[in-house]
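**Student:** The primary structure of each chain is shown beneath.
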Amino acid sequence: MRLTAYGPSGLVEKEGATVDAFRASLADPTREVTWLDVDGVGDAALLEAIGQAAGLHRLTLADIANTNQRAKVEDYGSYLYVVLRSPGKTSGNGRIVDCEQISLCLGPRFVISFQEEHKPGDCYGEVRTRLRQERAPLRSAGPDALLHALMDASIDAFFPLLEEIGERLEALEDRSAVAMGPGTIRELHDLRRELITVRRAAWPLRDATGALIREQSPLIREGTRLYLRDAYDHLVQVMDLVETSRELATGLIEMHLSLASFKLNEVMKVLTIITTVFIPLSFIAGIYGMNFDTSHPANMPETRWDYGYPIVLGMMLAIATAMMWAFWRKGWLGSRDS
Amino acid sequence: MRLTAYGPSGLVEKEGATVDAFRASLADPTREVTWLDVDGVGDAALLEAIGQAAGLHRLTLADIANTNQRAKVEDYGSYLYVVLRSPGKTSGNGRIVDCEQISLCLGPRFVISFQEEHKPGDCYGEVRTRLRQERAPLRSAGPDALLHALMDASIDAFFPLLEEIGERLEALEDRSAVAMGPGTIRELHDLRRELITVRRAAWPLRDATGALIREQSPLIREGTRLYLRDAYDHLVQVMDLVETSRELATGLIEMHLSLASFKLNEVMKVLTIITTVFIPLSFIAGIYGMNFDTSHPANMPETRWDYGYPIVLGMMLAIATAMMWAFWRKGWLGSRDS
Amino acid sequence: MRLTAYGPSGLVEKEGATVDAFRASLADPTREVTWLDVDGVGDAALLEAIGQAAGLHRLTLADIANTNQRAKVEDYGSYLYVVLRSPGKTSGNGRIVDCEQISLCLGPRFVISFQEEHKPGDCYGEVRTRLRQERAPLRSAGPDALLHALMDASIDAFFPLLEEIGERLEALEDRSAVAMGPGTIRELHDLRRELITVRRAAWPLRDATGALIREQSPLIREGTRLYLRDAYDHLVQVMDLVETSRELATGLIEMHLSLASFKLNEVMKVLTIITTVFIPLSFIAGIYGMNFDTSHPANMPETRWDYGYPIVLGMMLAIATAMMWAFWRKGWLGSRDS
Amino acid sequence: MRLTAYGPSGLVEKEGATVDAFRASLADPTREVTWLDVDGVGDAALLEAIGQAAGLHRLTLADIANTNQRAKVEDYGSYLYVVLRSPGKTSGNGRIVDCEQISLCLGPRFVISFQEEHKPGDCYGEVRTRLRQERAPLRSAGPDALLHALMDASIDAFFPLLEEIGERLEALEDRSAVAMGPGTIRELHDLRRELITVRRAAWPLRDATGALIREQSPLIREGTRLYLRDAYDHLVQVMDLVETSRELATGLIEMHLSLASFKLNEVMKVLTIITTVFIPLSFIAGIYGMNFDTSHPANMPETRWDYGYPIVLGMMLAIATAMMWAFWRKGWLGSRDS
Amino acid sequence: MRLTAYGPSGLVEKEGATVDAFRASLADPTREVTWLDVDGVGDAALLEAIGQAAGLHRLTLADIANTNQRAKVEDYGSYLYVVLRSPGKTSGNGRIVDCEQISLCLGPRFVISFQEEHKPGDCYGEVRTRLRQERAPLRSAGPDALLHALMDASIDAFFPLLEEIGERLEALEDRSAVAMGPGTIRELHDLRRELITVRRAAWPLRDATGALIREQSPLIREGTRLYLRDAYDHLVQVMDLVETSRELATGLIEMHLSLASFKLNEVMKVLTIITTVFIPLSFIAGIYGMNFDTSHPANMPETRWDYGYPIVLGMMLAIATAMMWAFWRKGWLGSRDS
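Protein chains in written order, with the numbering used here: chain A, 1 to 338; chain B, 1001 to 1338; chain C, 2001 to 2338; chain D, 3001 to 3338; chain E, 4001 to 4338.
In case anyone wonders, no lab produced these hints; they're calculated from the structure. Ideal Cβ placement from N, Cα and C applies to all residues, glycine included. Be aware that one or more of the hints could be misleading.
[To be verified] Listed below are the simulated EDC-like cross-link pairs for lysine to aspartate or glutamate, each with C-alpha atoms no more than 20 Å apart in a straight line:
1. D:Lys3072 with D:Glu3116
2. B:Lys1269 with E:Asp4043
3. A:Lys269 with E:Asp4156
[Stated by the list, open to error] Simulated coverage check for chain B against chain A, where a stretch passes if three residues somewhere in it have a Cβ under 8 Å from a Cβ of chain A:
4. 1123-1132
5. 1266-1279
When you get a sec, could you build the whole thing from the sequences and use the hints?
**Tutor:** What follows is the structure, encoded as structure tokens:
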């Protein structure tokens, strides 16, 4: 737990704060905004204590603890409860490990943020840096501006991920022009799964942010509303990128299927032409390879002709030529575009 | 039929209750809430009797008896009628046997619940346990809180089922990376059928719950509305999980088709290369296996050459090399990604 | 034309009624409701006469005569005009012959129903039976209750059809687990066509019924509105069944395509393995079957070796083993799930 | 340009009218409605002159001249501007040559219609015939009734086209039951293109007509609104037919793909069975066709056995039987449904 | 930066203007409209200076600098901020290089336009030409008319691009009737990507323009609203063309897949017929090519018969005829439509 309290007179930061320190900070009139940042939501007793100190409803505490919530905004009268999902750290192989659930409670004088687990380098580092600056506009604004800053930091975490996905898509497109093997197919499949994950996180967040703008909660001041509209625009952009990436991925798969069916046809044509030309010729050679007793005049008289061999060879050539002509007529030998 | 009546003064439970006991309980002013739990809806006379005791409309009774209703909420003025479908027991092989229809009637002082059939261990066990606790908040709340508790128990029954489906999907994904046979395909098909069933049950229930929240029925108090919103959120989560699972299943099938077309191309290339290289060679061997009478000088003179045999072998090697070169040019021998 | 007039004092039924009888019945104050049931809409003069007697608009008469209308409800002030489509008789092979258009006009004291053609055993038999009962609630209710009864009878005619489609789908699913031939594919195609037909009939009817409930026409009394809501629920259920059946049919076709591509791969693997193993061996046998003159020492010296034959056989065995090993390495011989 | 002016006192028709004649007709109080029908929109000066005479806005004139508009209705206060697209003449091979743009301007005392080009036998012939009748209701109705008549004539031109498409679809379905070649595939593709064209024309027209009904323009009288609702219903029917045809065409293509994959499997099975049975047998025959020097005892001793030939033949029979048994076990020889 | 200031008294144009010149122009009451056209948005200090001079909000400046915005319209009270994306120059091979972001700020007396980069021949050339004409209506209209003129020029830039795409689609359709190779498939894929890009640019622009029409901003006068509605219609037309092109492209791909599966079946039939007929015959020839010692009476007695050879040849003919008959029965030799 990290406590950050600030007002016009100054800023106090405290790592490893207790609930009592939070209570004291709320009671201190010189500290206009108190931000309690909780890492980990597994300690039910701690949640209960924070809930009592800040006046949170039982249902809110249950939602904070259950980390499978969809993004939403709920107005409990005395405070606003915001749930959102932010892309966590991406693992070494580029997959999303998890979309972390972040719960934010905005009261008249406080903001409480709950992150799923403690991580070095979370997405709120930049907000803390801005708060520490003496004359930052954020410092003189109210808790609603802090709420916006935290939401905006979570939303901006989507963009590097989507850029990376976009780059992987382009690499796949380049590669698929040459050949598309099982590796490419599986990578495309993984990429679509990630897009589903991002969309699941961003879509309800967009609706929730839209509701936050429309709802006339007294906790959100008019000036902050303009900034929330900006956050909303960012989410619309995230969704736009996700949808475009999905369409590109689907297009790649369809192109692959079309190309595969084309290549199969090409392979089969080669096989069919070669087989169809040589099988009848081999059959004729087989005929004259039979060991019938040629002392009987009716048995294989051709083999005793003076020019039997050249005649048979000529016949074979004629058959092969006729076959090739038939294939040419069917257009199987025609030139194709590359 | 199980009768549970409670008020601030205490709780009375009675298995195998009669309609008269229900009437008496309604008339007793010390019992604030009377919950009649009916297992089985096949006895028309019993339904009629309950309907008269509680003042239910003829259409409500018809809907209770016909167990193919979609989830809905109907306001009959003096009472609210809620139909919902809850996943029944899953059979041994993991398939949903049936989605059971549950009808709930909420009057000013009673709740009547109709389950399709009597089962040991239904989803209301936990509600009964909570009611039996002396100081449970549910006990001092009105019948609308009981209605919410019953609906919530039915909705929560979806989650274990969806988790199981999610685990099966992951197992399928792992397996499909190795090979995808008819067993995997059929299991995916079964899984999609189950998802259709869950969606059919959950979708109208979500709309009905939403309507229950919006409609300003005097039977629902303001405090309960907050809890119903929570139940609504759970249903949105169910739908979200169903849609995600459906997309994953569709993605798996598409990946399978892409991989199958890739593998078919690979198999066909091997077949074509081998066949195309050896068939012309076999034909040449067949030529020189013919039994033409070599006493005629025009017949197979090559067989009488001193070095006929090495020359023919060399010619075969040249043809095979040329063929392989042609295939290499077409890129059929190129390295592929794995 | 069948005329049925009733009121508290009694019921009069008349087959083959004339327009004059209809006029007379309308004028008789003891007959509260007059129901004129017209079979066949081809007689323009008759339609005109009925239209004048009941005060129908020219556009209404045109819509009645043109039997390609979509379901709709139109309020002409003095009367309501309802068009709906009901599944006609299904022919011997289970196909829908036609969805019959039924037009209903509800006036303050009359209901006129137009069916496309005269059929023994139409879906209104049950309504007539109810009317003939002395103390039926329908008899003492107004013409709007009769309108609802006729609409409900038409809607209920969808359910046996959908049940039959559901049974056929299940039979197809069972069959497709064994094998899926052109017969199964064509039956699935027919089934989807029928579902399109049912949906085309039911969808606009649902919207029209919804409009009938919302519109505050004085011709529909408050009590009947509740029954119309019930009819609306039935139509929602019809649409729900249609959509589920469509999804199941689509799923079956996709499963079939996946299975077919899997089976093709299996067949091709067998062909490729057998061909690839034996073609090189046959080529070697062909080599030693050539008839080169072995008196020349360079020609086929192997055939004159003491152990040439066993050496060649051993070589063939070695090649076959190497080939099988290569296939095993590619995983083509691996076990698959069934 | 054709000028048709009428009122209670009579009707004046004039081919090749001028703008001055139009102005004069507008000024004549005995002519209640003046209809100016302009063929061809390429003459900018003429358009300008008409625009000044009728008080049309500059944007309206630009839209009339640019014949790529989507259907729309615009209320310019003093007049209504309606654009619609109507199927032009279908060419000899059944394709739509073009969907002609028709612009209609409805003023308080005039209707101006602009057709793209002059054609004998346009769809307004029937409207002219009705106007010429002495006691036609259209003659005594205002210009809004004429607008409806012209729109209705344009909309009704869709139906013969859709009927023809429906008949072609049925013919294709009959043919596809036998065989589906490239001709059938291409015809289906053409048919879907035509449906896209019709939908593009009808969809915005439906929305525009709906807007015309809702908007309370004083130029449309209450009685005409009822007729416009009828035209709207016709457009809904057109869209319904288009959607149904599209679904049928898609179903046909999917059926074709399923059947093709089934037939491919059948063909491949036959090929594989024949090849797999005979290739090993041919290999054995090849073995004993080798010319090893049988004076060496280790070389091909079987050929010198007394019963070597029958033994080898028996061995071949045994191998063939084992192969067929294996195929039978795999179900490849099983009966299939036809 | 280009400054264009005009009023009833005249027009002043200045290339390479400074922010001070802009300020001065705003202060000059004789210049009713000042248009500042900025090429390039990379100079943060310049943006800051312009923002201060025109009173732009910090968020507006951030959006101008970040060139990945979706099209939108934002009302900041004292000015309107419009973002739109316009197709940039198409490169030599017909691909869209980039959709350029254009930001427009409309104040009570100024319009500022920001283009991403400086290009000769941008789409505003025509607007400048119109402004230079002495008696152009645009010159006497306010800044909102100039905003419309700039938006309209950006929107009209979509049409040549879409026409080019349409022509390429038609060329592809013509080519695909002959043959469809990897080149055609890849071109279709590229074309669909371009359509996605255009749609991404046009869709939000349409919504933004619609919002601009609905919102009653005092900066937009009533007369200009009519022109904005015209721009909106153009965007609807763009979307319509995009959707139609997408459907045509999808239809082409589906036709290709159907044709490919048909051709594959044809190829496989030829292969199977030839192989199946000749393989058994070759086997028989192989049998009689074996070198069994015919001095043993049981070994190959047929070879010593007087008419062994003609009998075997006759047997082969019988087998071939039977095979062909079987294929004819299966319909593989039947005529097909072309």
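**Student:** All the hints need checking, so say for each whether the structure fits it.
**Tutor:** Verification of the hints:
Our distance criterion of 20 Å between C-alpha atoms is met by Lys3072 of chain D and Glu3116 of chain D, whose separation comes to about 17 Å. For the proposed pair Lys1269 of chain B and Asp4043 of chain E, the alpha carbon gap of about 58 Å is over 20 Å, so the pair is violated. Of the pairs offered as hints, the one joining Lys269 of chain A and Asp4156 of chain E is violated, with about 48 Å between alpha carbons and a cut-off of 20 Å exceeded. As drawn, the region 1123-1132 of chain B meets chain A at 0 residues by the rule of a beta-carbon pair under 8 Å; below three, the given contact is violated.
Given as covered by chain A, the region 1266-1279 of chain B passes the check, having 7 residues with a CB less than 8 Å from a CB of that chain where 3 are the minimum.
Going down the numbered hints, you'll see the structure goes against 2, 3 and 4, while the others check out.
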